[in-house]
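**Q** In case you want the letters, here they are:
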Amino acid sequence: MADIVGNTPAGYRFRTLLRLHFLLAWRPSKTGKLAENIGKGVFILLFAFLGLRLGGGIDPSLLFHLPVSPRQILVSGLLARMAGPLLLPPAGFFLGCSFAMAASGSPLRAVMTLAGAVLWCFQAFLVLMAADYVLYHLRRSRRFVEITGMVGFLLFMGWFLLQNYLFGSTGSANGSTFKTLGPQLLSAWHYLKFIAYLFPGAAPVAWIGTGWYGLVVLSAALLECLALLMAGSWLLRRLMETGAGSARRRKTSAHKAPGRRRRAGFLQDLPFWPYLYKEFRYLVRDTNMKMLLLQTLIGPFFLIIIFSSPGHSRFTAGVLEVGLPLLFLMYLGPLAFNQIAMERDGVLSTVLSPLPRWRLFAGKNCLYFLFYALILVPVTVLLVYKGIGAGRIAADWAAYLPLGLIFLGAGNLASILMPIPVVPRGRRLRPRLPQGQLFLVMLLRLALNAAIMVVALPLLLGRWAFLHFGKAPLPAAAFVFGMVVYGAVVYGILLSISSRIMPSREPKIYEIFIREQD
Amino acid sequence: MAFISTEAETSDNRDELVRFSHLTRDFNGFRAVDRLNLTVGAGEFFGFLGPNGAGKSTTIKMAVGLLRPTSGSVRVFGMDPYERPLAVKARIGVVPEELSLYERLTGEEALVFSGRLYGLDPHTAAGRAADLMEWLGLEEAGSSLIVDYSKGMKRKIALGCALIHRPKLLFLDEPFSGIDPLALKKIKDVLGRMAAEGTTIFFSSHIMELVERLCSRIAILHKGRVHTVGTLEQMREALQLPSDATLEDVFVKTVGVPIDHEEASWLTS
Numbered sequence: 001m002a003d004i005v006g007n008t009p010a011g012y013r014f015r016t017l018l019r020l021h022f023l024l025a026w027r028p029s030k031t032g033k034l035a036e037n038i039g040k041g042v043f044i045l046l047f048a049f050l051g052l053r054l055g056g057g058i059d060p061s062l063l064f065h066l067p068v069s070p071r072q073i074l075v076s077g078l079l080a081r082m083a084g085p086l087l088l089p090p091a092g093f094f095l096g097c098s099f100a101m102a103a104s105g106s107p108l109r110a111v112m113t114l115a116g117a118v119l120w121c122f123q124a125f126l127v128l129m130a131a132d133y134v135l136y137h138l139r140r141s142r143r144f145v146e147i148t149g150m151v152g153f154l155l156f157m158g159w160f161l162l163q164n165y166l167f168g169s170t171g172s173a174n175g176s177t178f179k180t181l182g183p184q185l186l187s188a189w190h191y192l193k194f195i196a197y198l199f200p201g202a203a204p205v206a207w208i209g210t211g212w213y214g215l216v217v218l219s220a221a222l223l224e225c226l227a228l229l230m231a232g233s234w235l236l237r238r239l240m241e242t243g244a245g246s247a248r249r250r251k252t253s254a255h256k257a258p259g260r261r262r263r264a265g266f267l268q269d270l271p272f273w274p275y276l277y278k279e280f281r282y283l284v285r286d287t288n289m290k291m292l293l294l295q296t297l298i299g300p301f302f303l304i305i306i307f308s309s310p311g312h313s314r315f316t317a318g319v320l321e322v323g324l325p326l327l328f329l330m331y332l333g334p335l336a337f338n339q340i341a342m343e344r345d346g347v348l349s350t351v352l353s354p355l356p357r358w359r360l361f362a363g364k365n366c367l368y369f370l371f372y373a374l375i376l377v378p379v380t381v382l383l384v385y386k387g388i389g390a391g392r393i394a395a396d397w398a399a400y401l402p403l404g405l406i407f408l409g410a411g412n413l414a415s416i417l418m419p420i421p422v423v424p425r426g427r428r429l430r431p432r433l434p435q436g437q438l439f440l441v442m443l444l445r446l447a448l449n450a451a452i453m454v455v456a457l458p459l460l461l462g463r464w465a466f467l468h469f470g471k472a473p474l475p476a477a478a479f480v481f482g483m484v485v486y487g488a489v490v491y492g493i494l495l496s497i498s499s500r501i502m503p504s505r506e507p508k509i510y511e512i513f514i515r516e517q518d
Numbered sequence: 001m002a003f004i005s006t007e008a009e010t011s012d013n014r015d016e017l018v019r020f021s022h023l024t025r026d027f028n029g030f031r032a033v034d035r036l037n038l039t040v041g042a043g044e045f046f047g048f049l050g051p052n053g054a055g056k057s058t059t060i061k062m063a064v065g066l067l068r069p070t071s072g073s074v075r076v077f078g079m080d081p082y083e084r085p086l087a088v089k090a091r092i093g094v095v096p097e098e099l100s101l102y103e104r105l106t107g108e109e110a111l112v113f114s115g116r117l118y119g120l121d122p123h124t125a126a127g128r129a130a131d132l133m134e135w136l137g138l139e140e141a142g143s144s145l146i147v148d149y150s151k152g153m154k155r156k157i158a159l160g161c162a163l164i165h166r167p168k169l170l171f172l173d174e175p176f177s178g179i180d181p182l183a184l185k186k187i188k189d190v191l192g193r194m195a196a197e198g199t200t201i202f203f204s205s206h207i208m209e210l211v212e213r214l215c216s217r218i219a220i221l222h223k224g225r226v227h228t229v230g231t232l233e234q235m236r237e238a239l240q241l242p243s244d245a246t247l248e249d250v251f252v253k254t255v256g257v258p259i260d261h262e263e264a265s266w267l268t269s
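Protein sequence lines, in the order shown, are assigned to chains F and C.
When we follow the working numbering, the leftmost residue of the first sequence carries the number 1, and every step to the right adds one.
When we follow the working numbering, the leftmost residue of the second sequence carries the number 1, and every step to the right adds one.
Just so you know, not all the hints are guaranteed correct.
[Claimed, not checked] With a straight-line Cα cutoff of 27 Å, these simulated DSS-like cross-link-like pairs (lysine-lysine) come out:
#, chain 1, residue 1, chain 2, residue 2
1, F, Lys508, C, Lys185
2, C, Lys168, C, Lys154
3, F, Lys508, C, Lys154
No lab work stands behind these hints: they were computed from the structure.
Note that this is a predicted model, so its numbers are computed, not measured.
Isolated chain C, as found in the complex (with noise of 0.2 Å):
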C-alpha cells in the first residue's frame, strides 16, 4: 500500500497506552484482522477509520478485553487486558458499538450505577450522573426507563457511562450516531478538551468531517490490516495529493475503491 508508517515516526514520542502486535483474529476460517501493529500515546487524539468489515471494532474488542485474540499481542497502560483485566479496566472507559444498558434503569440509575461499578462512593455517583444528564440534555428525560429512550438518548447514556469515571483512555466506537446536532457539539468541545489535558481518545468512526476535525492521529484499516496511519499532513504527501485534498479523499485512494457512476444508475436516471 501507498504509505505504511513506523512506529517511530508517528508515535509522537509520547508514552504508549495501547499497543498491538501482530494482533490477529480469525472468525471460523475469516481473518478479520490480519497481524495489526499499531501503537497509540498518551493524550492522543487517534481515530480509526476502516470500511465496514475492515476489523475495527474486533480491534477494539481486543483492545478492551471482549475478544481474545487468535495470536498477537494487546498492551493498554503496558498490561495484558486477559491477565489483568479488572486494572486495566478501571482505567479506561467504552462506547461499544452495539447499545447494552440496563434497560429497565432510567437514565440516571443507570449512571449512578455505573459510576459505582468503577468505584465512586454514592455521593460522588449520583453527583457526576446529574451533572452528565444535564450536559446531555437528558435531565426531561431523567425519571423515564432507558427501553423508552431513542437510540441516540441510549447513545448518550453509553457516553455518560464511559465518561463517570473520568477514565485515562477512552474507546469510542461509532459514538455520535444518532445524537442531535446541539448535544454533539457539547461533546466534541468536551472530548477535545479532555484530550488536550491527557486523556488518550481511540476513536472510529464512518464521519470523516469528525475525524478530521477531531483527531490528532488517523489510522486507516483495511480487510484487517493498517494501510497508513499518521498525521493528515503526512497521509496527504505520502499519498500525493493536494494539500487541500480531505480525509475522504484520502481514505478513497488508501481503501483504492473505484467510483463506477454507471452502478445503479436507475436512481438517478
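Only chain F is shown next, with the shape it has when bound in the complex (with noise of 0.2 Å):
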C-alpha cells in the first residue's frame, strides 16, 4: 500500500492531493508514513466504491406513516449513517493519520485526531441529513436529487483539489504550473486560513493543530453541529406538515411537460437509432452508469495533473501512451461483455420486436465507442502536452479506437452465449449466480479477453510499423487505412455472427433472466 505515494512525481502528486493541510502539517517517520499511506490507500479505495452515494437517502414512507417525532428520524438517521458503510472511508483515512501520528511520536495529536474524526463524522453526515431534507423539501425528484449528488460531488472534488493541490504545504513545488498565481494564493491562505479553520468541515479537525486556537476552532465546530441538528429538525418538521403541499406542487409541474415535440433530424433515420438513443437515456439516467461515466472522464484529467511534473517525461508518456487506452478497455468491458445482460428491464420489447438484430447490437455498440473515444481525448491532450508528435498520435488511434471496436463485436457475441451479468456493481448488473458459477464464467471471460488481444495483434504490429517505417506520408496512410480496415472487417464479421444466432437463443435469454427473477 506504501507504493500508493512512493517517492516518484506522481505518487508524491498524489500524496498530496489527499493531505488535508490543517491535519497533517507535521513531518511523520518512516512507519509514520507507512500508516499514513494505508489510511489514504483505504479512504481511495472506499471512497471510490462509496462516494457517489451520498444523499438522497430520505425514506418518504417514514415521514408520513409511521407514529414517529422528527427528533427520533433525525438520531435514528444520524446513528444509522454513523454505523453504516459511508463511515468507512472517512474512518479508514483518520485511522490511517491516527496511527501514522502514534508512530512519528506524537501520541496525543493521534489521540486528538481520533475525536476530532468522531466531531467531522457527526457533522458530515448531519449536513448530509439536512441536504437531504432541503432537496426533498425543494423537489420530490429523484433525477434531480441524483443531479445535484453528482454536482456536489464535483463540488467536493474541486475542494480537494484547491485545499491540497493549491494551498498545501507543498504548494512551492507547483510553481511551475501555477507561476503567478500559486504565490499569490499561498499568501493569501496564510492570512485568511485563521477564518477558513472556522467553517464547517475544517473546524471539527482544525483545533487538532492550532494551539490555543483550536478552543475557538473547537467551539465554532461544536456551534456548528448544534445548529445543523436544530435546522434539520425544523426542516424535518417542516417537511412533515407541508408534505401534501410538496406532492401537489410535483404533479403540477409534471402536467406542463407532455405534447413537447422533437424534430426527426436526420440522425432518427439511422437503422439502429432506438437502441442508441435508448441507451443514451439509460445512460444518463442510470445513477451507476452515472457514476462509471463520471470516473472514467475524470479519471485522465487526474492522472493529466499527476503526471504533468517535468523530468519523468520520456518514462510516463511510454506508460500513458500504451497503459491508458489499454486500461480504458477495462472501462468498456463491462458494457460490452453484459450488453445483453443489461437489456434484462425490457428484455421482452426486445425479444419479441421484429428488428433485425444486427442493429440492436449496432446501436449499443455506437454509444459505447463514442464513449470510449471521448474517453482517449484526454490521453491525446496529455500526449500533446509531453511533446507526442502528432504522426505518433495518429497511430495510437488507428490502433486503438480499431481495437475497441472488435472488443465491442466480441462482447456481443460474448454477451449473448453467456447472458449473465458478473460486474459486481450497480442493482442491475448484480450477478445472482452461485460463486463458482461466477468464477467460471469471470474465468471464460478473461480467456475471451486473450483471445481478443490476439485477434488485435494485426493492429498493434500495424501501429509498431507504423512507428518504424511510416515516415513518409504515403506509407503512414497506407498503415493508417489498413488498420481501420481490418478493424472494421472483424468488427462487421462478428457482428453478423451475433444477428445470425441472436434470434435462437432469445428464448433461453428470457429463460434465463425469467429464472434470476424467481
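Take each chain as given, in its own frame, and dock them per the hints.
**A** Below, the structure is given as C-alpha cells:
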C-alpha cells in the first residue's frame, strides 16, 4: 500500500492531493508514512466505491406513515449513517492519520485526531441529512437529487484539489504550473486560514494542530453541530407538515411537460437509432452508469495533474501511451460483455420485436464506441502536452479505436452466449449466480479477453510498423488505412455472427432472466 | 371431459391465424402443456381461460416465440415462430403476463421506442405515441420515468407498446390487472372495434365477466389440456346448463372444482 505514494513525482502529487493541510502539517517518520499511506489507501478504495452514494437517503414513507417524531427520525438517521458503510472511508483516513501520528511520536495528537474524526463524521452526516431534507423539500424528484448529488461530488473534488494542490504545504512544488497565481494564493491562504478553520468541515479537525486558537475552532465546530441539529429538526418538521403541498407542486410541474415534440433529425433515421437513443437515456439516467462515466471522464484529468511534473517525461509518456488506452478497455469491458444482461429490464420488448438484431448491437455499440473515443481524448491532450508528435498520436488512434471496435464485437457475441451479468456493481448488474459458477464465467471472459488480444495483434503490429516505417506520408496513410479496415472487417464479421445467432438464443436468454427473477 | 369440440365445429370457417398441434411443454418432468390442439381464426376475439397453473401463459409464450415446445408444433400466420421469428413478430402484438419495460425511459419514450422497433418512421411513432398516451389517460405522466409508474400505468404502457404498430394478431395475457375502470372501458371498446375490423385477439384472463362480454369463442384449459372450446351457447348446451348460466358456471363445471363451504370456516364464522 505504501507504493501508492512512493517517492515518484506522480506518487508525490497523489499524496499531496489527499493531504489535509491543517491535519497533517507535521513530518512523519518512515513507519508513520506507511500508516498514513494505509489510511489513504483505504480512503481511496472505499471512496471510489461509496463516494457517490451520498445523499438521497430519505425514506418518505417514514415521514408520513410512522408515528415517530422528527427528533427520533433525525437521531435514528444519524446513527444509521454512523453505523453504515459510508463511515468507512473517513474512518479509514483518520485512523491512518492517527496511527501515523502515534508512530511519529505524537501520541497526544493521535488521540486528538480520533476525537476530531468523530466530530468530523458527526458534522458531515448532519450536513448530508440536512441536504437530503432540503433537496426533498425543494422538489420530490429522484432525478433532481441524483443530479444535485453529482454536482456536489464535483464540488467536493474541486475543494480537494484547491485545498490540497494549491494551498498545501507543497504548494511551492506547483510553481511551474501556477507561476503567478500560486504564490498569491499561498499568501492569501496564510492570512485567511484562521478564518477558514472556523468553517464547517474544517473546524472539527483544525483544532488538532492550531495551539490555543484550537479552543476557538473547537467551539465553532460544536456550535455548528448544534445549529445543524436544530436546522435538520426544523426542516424535517416542516417537511412533515407540508408534504402534501410538495406532492401537489410536483404534479403541476409534471403536467406541463407532455406534448413536447422533438423534430426528427437525420440521426433518427439511422437504422440503429432506437437502441442508440434508448441506451443513451439509460446511461444518463442510471446512477451507476453516471458514476462510471464520471470516473472515466474525470480520471484522466487527475492523471494529467499527477503526471504533469517535468523530469519523467519520456517514461511516463510511454506508459500513458500504451497503458491508458488498454486500461480504458477495462471500462469498456463491463459494458461490452454485459450488453444483453443490461437488457434485462425490457428483455421482452427486445425479443418480441421484429427488428433485425444487428441493429440492436450496432446501436448499443455505437454509443459505447463514442464513449471509448471520448475517454481517449484526455490521453491525447496529455500526449500533446508531453510533446509527442502528431504522427505518433495518429498511429495510436488508428490502433486503439479499431481495438475498441473489435472488443465491442466480441462483447456482443459473449453477451449472447453468456447473458449473465458479472459486474459486481449496481442493482441492474448484480450477479445472482452461485460463486463457483460466477468464477467459471469470469474465467471464460478472461480467456475471451486473451482471444481478443490475439485477434487484435495485427493492429498492434500495424502501430509498430507505422512508428518504424511510416515516416513518409504515403506509407503512414497506408498503415492507418490498413488498421482501420482490419478493425472494421473483424467487427463486421463478429456483428454478422451475433445477429444470426441471437434469434435462436432468445428463448434461452428469456428463460435465464425469468429464472433469475424467481 | 364433457365437451371437446373438433376443429370443424369451432373454427368458424375463417382463415386460421394460430394453430397449435399436439403442443407439449415439459418443465423438469412437469407437463405444463399436454398435447394441446387448437385453432384461432382471423378476426376472432378468442378467450383463453383456465385456473392458475393450467398452462395458459406457457401456451402463449410458445405461440410468440418465447418458449420452445417440447414436442408438437405452433403455426402463426402459417409460419413456425422459431423458423421465421422476425416475420412472425412483425405481425403480432403481445402484452405479456410479466411486465417487461425499459423503466428508465418515460412512458412516451417507451412507446416511441416500441414503434421504432416495429419499423414505424420517427414521425409516425411519435404521433401514435402521443395519441396512445392520451387515449390511455397517461398524458400527465408523459415525462415521468416508467420506474415511477404504478402497476396499472405500466400495464397501460405495455398495452400501448403492443398496439402502436397496429398488429393483425394480439396476444393479451392478463392485460387488464390494475387498470382503472375508466381506462378499461375505453380499452374494451377499442379492442372490440379492432376485432370487428378483422384483428384477431387471443385473450387470456381470469375475469369471467369480461371474457363473457368480449369474446366470440372461448377455450377452457385445465392441467395443460383444452377441456372445452366453443361459443358460450355451445358450452352451455354441451354441459346441459340452463340458458342463463354464466361463463363462471361453465368454468366451474368444466374444471370440476367442488365448492366446499366448510373450508376455512373461521373466516366467516
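**Q** Each hint should be assessed against the structure and marked as holding or not.
**A** Checked hints:
1. F:Lys508 - C:Lys185: The hint is violated at about 37 Å.
2. C:Lys168 - C:Lys154: holds, 23 Å
3. F:Lys508 - C:Lys154: The hint holds at about 25 Å.
Hint 1 from the earlier list is the only one contradicted by this structure; the remaining hints agree with it.
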